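A.B. asks: One letter stands for each residue in the lines below.
Protein chains: 2
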Amino acid sequence: MYGRYTQELGVYAKEEAARLRESGQRRSGDRSRTLDLLEYDKGRCAKCRICTVRCQKFLISRVGEDWIFLILLGLLMALVSWVVDFCIAICLQAQKWMYGGLDSNVFLQYLAWVTYPVVLITFSAGFTQILAPQAVGSGIPEMKTILRGVVLKEYLTFKTFVAKVIGLTCALGSGMPLGKEGPFVHIASLCAALLSKFMSLFGGIYENESRNIEMLAAACAVGVGCCFAAPIGGVLFSIEVTSTFFAVRNYWRGFFAATFSAFIFRVLAVWNRDEETITALFKTRFRLDFPFDLQELPAFAVIGIASGFGGALFVYLNRLIVQFIRKQKAINRFLMKKRLLYPALVTLLISTLTFPPGFGQFMAGKLTQKESLVTLLDNRTWAKQGIAEDFDYIGHSQAWKHPQLNVFVTLVLFIVMKFWMSALATTIPVPCGAFMPVFVIGAAFGRLVGESMAAWFPDGIHTDGTIYPIVPGGYAVVGAAALSGAVTHTVSTAVIVFELTGQISHILPVMIAVILANAVAQSLQPSLYDSIIRIKKLPYLPELGWGHHEKYNIRVEDIMVRDVRYITLNCCYRDLHNVLLTGHLKTLALVESAESMILLGSIERAQLQSLLSQQLGRPKRLEYIRERAAAEKKRLSVVSIPGSEDGGQRASQEVRFQVRGRCRWMGTPGSLYTAEAFLSSSFFCLHIFSDSQNLCDLQIAEWEEKQLDEQVNFNNCKIDPAPFQLVERTSLHKTHTIFSLLGLDHAYVTSIGRLIGVVSLKELRKAIEGSVTVKGVKVRPPLASFRDSGTSSSENEATELHKLWDRHKSMSLPREHTPSESDEKSQ
Amino acid sequence: MYGRYTQELGVYAKEEAARLRESGQRRSGDRSRTLDLLEYDKGRCAKCRICTVRCQKFLISRVGEDWIFLILLGLLMALVSWVVDFCIAICLQAQKWMYGGLDSNVFLQYLAWVTYPVVLITFSAGFTQILAPQAVGSGIPEMKTILRGVVLKEYLTFKTFVAKVIGLTCALGSGMPLGKEGPFVHIASLCAALLSKFMSLFGGIYENESRNIEMLAAACAVGVGCCFAAPIGGVLFSIEVTSTFFAVRNYWRGFFAATFSAFIFRVLAVWNRDEETITALFKTRFRLDFPFDLQELPAFAVIGIASGFGGALFVYLNRLIVQFIRKQKAINRFLMKKRLLYPALVTLLISTLTFPPGFGQFMAGKLTQKESLVTLLDNRTWAKQGIAEDFDYIGHSQAWKHPQLNVFVTLVLFIVMKFWMSALATTIPVPCGAFMPVFVIGAAFGRLVGESMAAWFPDGIHTDGTIYPIVPGGYAVVGAAALSGAVTHTVSTAVIVFELTGQISHILPVMIAVILANAVAQSLQPSLYDSIIRIKKLPYLPELGWGHHEKYNIRVEDIMVRDVRYITLNCCYRDLHNVLLTGHLKTLALVESAESMILLGSIERAQLQSLLSQQLGRPKRLEYIRERAAAEKKRLSVVSIPGSEDGGQRASQEVRFQVRGRCRWMGTPGSLYTAEAFLSSSFFCLHIFSDSQNLCDLQIAEWEEKQLDEQVNFNNCKIDPAPFQLVERTSLHKTHTIFSLLGLDHAYVTSIGRLIGVVSLKELRKAIEGSVTVKGVKVRPPLASFRDSGTSSSENEATELHKLWDRHKSMSLPREHTPSESDEKSQ
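Going down the list, the sequences are from chains A and B. Reading the first sequence from the start, the letters are residues 1 to 827 in UniProt numbering. Reading the second sequence from the start, the letters are residues 1 to 827 in UniProt numbering.
Bound conformation, chain A alone:
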């Protein structure tokens, strides 16, 4: 009997598969039959119609192909990106126009300068809050979690898409130091999810979960790719930022979609007559023959190291602001009530400070993000030994020139102000990223170093005759890559920089700076995205640190939970009830018996709850009552044969009464289906029953007890027949790898089939954070102390194993000579 459920499940699944297959065949059969019929049809447009049907058939069969999906996704995202950019440009132009038109009155100018972003940001925050609060923030941390296999609710819906796109456009249109690249990763994933849902109307393949995750990974690449028109950097950045283990077979998907998307994005610009042909977004024109001198490399290394510290500081500052606002309960309560006040206040502060006739004049506040970047990457030198006459500061570069101040002071002010402004602005609850602001700050820092170098060595460092002056723009490129790499903990910002500038001549300085920045930043702080993951407490596994040897020495046995909740194959419903009441794990282990502890599978909590509610639920109760009524009737009919009419009436009365009683006794039907609620309510009901029902109650209690004592029937219960198993000696390093590879939530620790422990994400996270944060020179890993206790417990294990083997011995054929002989041998 116990075996039936597996058979039934297996048979059911097979029948289901066969049914599906047949229906598929039938459907295709139907189609071909219509085709045949059409061919016999002698109408005028028969041929036409045959052709149409064939084309349709062909198209539908092709829709399932990946590349169609990727092309559609790329196209869609390029359009979205272009439209968003277009709207942002219009918004910014409008602000400039307002500001420029009111130049007669400074106060009106200020009002216009400040009101515009406040209104936009407030609208963006309010709109997102109302439509879909999930659209707030960057989106990369959430995508990282989703790609790990965690399901975040409401995160990939159409509502979120609308909220994110409109919210982002407004937020960026305000001119705040915010970026579009994180949100675009989210938007691309939303597009992919919606497109996938849409395409599943045509073919069944879109419903496959692992395929969806592959497509989401490609979508992340598209998001970055079409945002910067950087297909290669986009793919690499998205891999670094969202994946732990990357399937190389998905590589082409990302490249394909991102290239197509970047291509369309740039073609739109050409068609719109913005550009003559497809070139880089922030094209630079550094000289190619001698991009930099070898002796400049130390300066580039300094940029890298300083950017590393700066990046860590940025992440820390960002987290500090969030935590400060959360901790200050008074502020928090006030802000919670007036949710739009915080964005408005922050925007007011930032835009006041950047007001060009005010403080903004000292920090090039007039320039938008894009304009500042273009000027910073300029290949001319701004400061030439104090004499600036040969540099005419045309166009936007004029903003950097201040009659009273040096360019250096402007740059330092720009860096310092933008630094905290960006850290503050990214905490506003609107859809926004931090990549672009950080990128600009990095470029400014690089420019600062570059200008200093140019001032220090006006004729360049090279001493062999030819004068190659220093190019501060190259330093800006290096600084931008280094700082953004440090904040996001990625190396691929280097590639993004090359694609953005269209020049790869500074590859070595950029790579050196980015690697140094990463080395410094990674040893000080988590990446910005990991920091947000921690703040938001998303279920994610932290990375193993660099070169921490402990991870090889910690074993699963040091971190596992030994007290595993399990159910046995022959347990009764009472055990089930007790286990469900005490533990909180999502899944429970199924073992052969409490003595052998051989792991057979794992069952989800919900499944067990439904088993329990089936056993004690409404239908069972009804059945029992009906049975009892029938028995009563029988008894009555036996007793009152003479007055059968009267007896019949009494019986029916009793049944009616029972039915009335039942209604109260069972509580509301909805609550019956969760076992705990049911259990408490049913026991509760027993007490509040009216006295007249006492006998009946006792019977019911008795019935319940009897039901609970029955052995559990695992029919119709989904069992995971092969949960993931580890060995007690598996190292933390390997456990981490397996967990992140397979996206596990928990794994059982077994020893020769016997369940001895369980490791869940929680234990693993604790262990890693323990080993990562403690940095002293330790000979013993922090958790190794458990191992000594493990030795003693292993004896217990061994005695328990003895039982298992002894049980075996008794089951096997009696060979009394064996143990003694093997004893002798082992001696």
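These are calculated hints, taken from the structure and not from any lab test. The structure presented is a predicted model; accordingly, all values stated were derived computationally and were not measured. Relax, there's no trap hidden among the hints.
Since copy identity is lost for identical chains, a pair holds within one copy or between any two.
Derived DSS-like pairs (lysine-lysine); straight-line CA-CA distance at most 27 angstroms:
1. Lys-734 - Lys-718
2. Lys-401 - Lys-96
3. Lys-734 - Lys-762
4. Lys-734 - Lys-197
5. Lys-734 - Lys-153
6. Lys-734 - Lys-586
Given chain A's structure and the hints, the job is docking chain B onto it.
C.D. replies: Using the frame of chain A, we list chain B on its own:
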């Protein structure tokens, strides 16, 4: 008793760990004690010595860090790469000098032109053959296999390193169309392995297996990176070529080491006064403001598609040549005898054809690979409407000009000749790669298309006033990336191209062409490396194809082997013997009992063989003989108490005789340790025994039978307590993922703890190749027919499961009411 071995193993492991830990502490304790002692020492240089010891301690503790290892690796590889390049350049110069010096006599010139490469290639082939045959070929296929977890013997030794470096230098110095990039991946891995071995003298961390694999992955990146001075492209190329799943946490390792290596490699060139500063290897100077017109994109797409076909053809041709030579037994036998004849013949043929005054004049045969690439990437146009006067063909470009022939004809001849030459040359058994020759052919093809376009549109395509002439050099870049991408099935050749040329302006055309080339090539042929893997029959899992839906429909139950070889916990040695004789699997499943089939673990074949040989081996036999002798003695002493001296003599005689007999009976001691050899020899020995020993033989046979009937004692036998388990419904897609993620060799298929099948690499490979090669529109996956039979067999499974549950029922407390009730419920 049965439980003991687990306890013992566990306890042993723990004691071992404790011992290691203690010894580590003691060692560090020793060190600090010397330090303390030194501090109390009042000598003159005591402080100095303290300082030295401290520094030494610090350095040794740092040696374990990854970054030191990576820096050393990068440095070493840069030096190797530079020295190899230097030697190759000298070799090529020598050839040119010889050829140039003999210009009086064409025949002597020919002799010099031909003899030089023949001697070099023959030496290279002979040297490699003698020192380390593993050094032959590219090395990337083997590294791919090693990174998957397969151990290839003798593949990472110092001998191989020497053979590879010297062989490669000679092979490339000959001027044959061979590349250095594949071998450099291998050389870098060799360096990493040797360095790791060397560094393990300082710290124990280098012995960790998973760390070694991480370092090998980084080494592959270094190999490509320092070969092309392309750190980013190197990392990406090595990932694409060697990994299936890539751990993003290893990313920085690759970047770090490859950047450092590329930096040193280029700095060496600067120090050697070859270059003024660090720039790209094959620097191009295309115009930046208008790199290409949008309307040129179709031409780039055509290059991509044609390169896809070309790449597939190259792989096919290469395989065809190898297979042809293998199949022609007469040739094969002859070549096997004279191993150096084949390389010599091929070299003779190729160098004859490239002889500049001969056929070489029509195909720029004078130029080395590097020179041709430089000329092909030239940013001037060669053919301007037939009038070539404004292009003066200076320097090497002169080789492309022929008085009678058009440039187009020269290019076509170059492409066609080099194509088959490269395919042929890469089959020579010397260390060589195919990337660079393919790259040059691709560049030539791109140049051809570019020149044609330039001839067709002499004033460029752009119609809006400004004339932007077409840049054929840009087409060459695109062609090079596309063809090498098609042959290797990688997208990252695009990045390599940018790093090699130092210009990224053609990013979109390159990406489009590379992706199209990949799409075409991947649907026609495996990559060159996969093709070599198949030819060499290395243990590797093929990739799942693009968008084949079947992979989601095939289940493990369709492909698994149902007849699993297993041993039970209570089996006797005879069963062990039988199982070992029949099967050939490397590991055997250990189940609880044949009835329950609950999987407990897996044991390696070698372990079982040693168990068996322990049971029937020499020490046991000696012991038995001694015992028997003692018993005999006792018997004799009981029988012959009166003549005890005589009896003692007889006994000792008998023992001596036995000992003499034993020597023959046991065969050579070496053969005893493999069980099969032992078994056959022992049974054989029983028959050839002399007649006088018959009684003794019978006793021995009896003893052997008794030994075989004993129950197996699993003490001291290493059991894998948690082998990987799958469920019967796992899809092929997921199985493939898990196998390649975890580098599995086989996995057991279980259902609620019960073993029902096994899947090994072989089955998986068959299934994938079945589903990948068959391309028809199938509603049923090719293997689904098994599923119907699976349904019937599942009933058998179910009945077997019944037994398991029944057994349980009988073991649990007797509750006779339960089965009937549950029967009622389920009805």
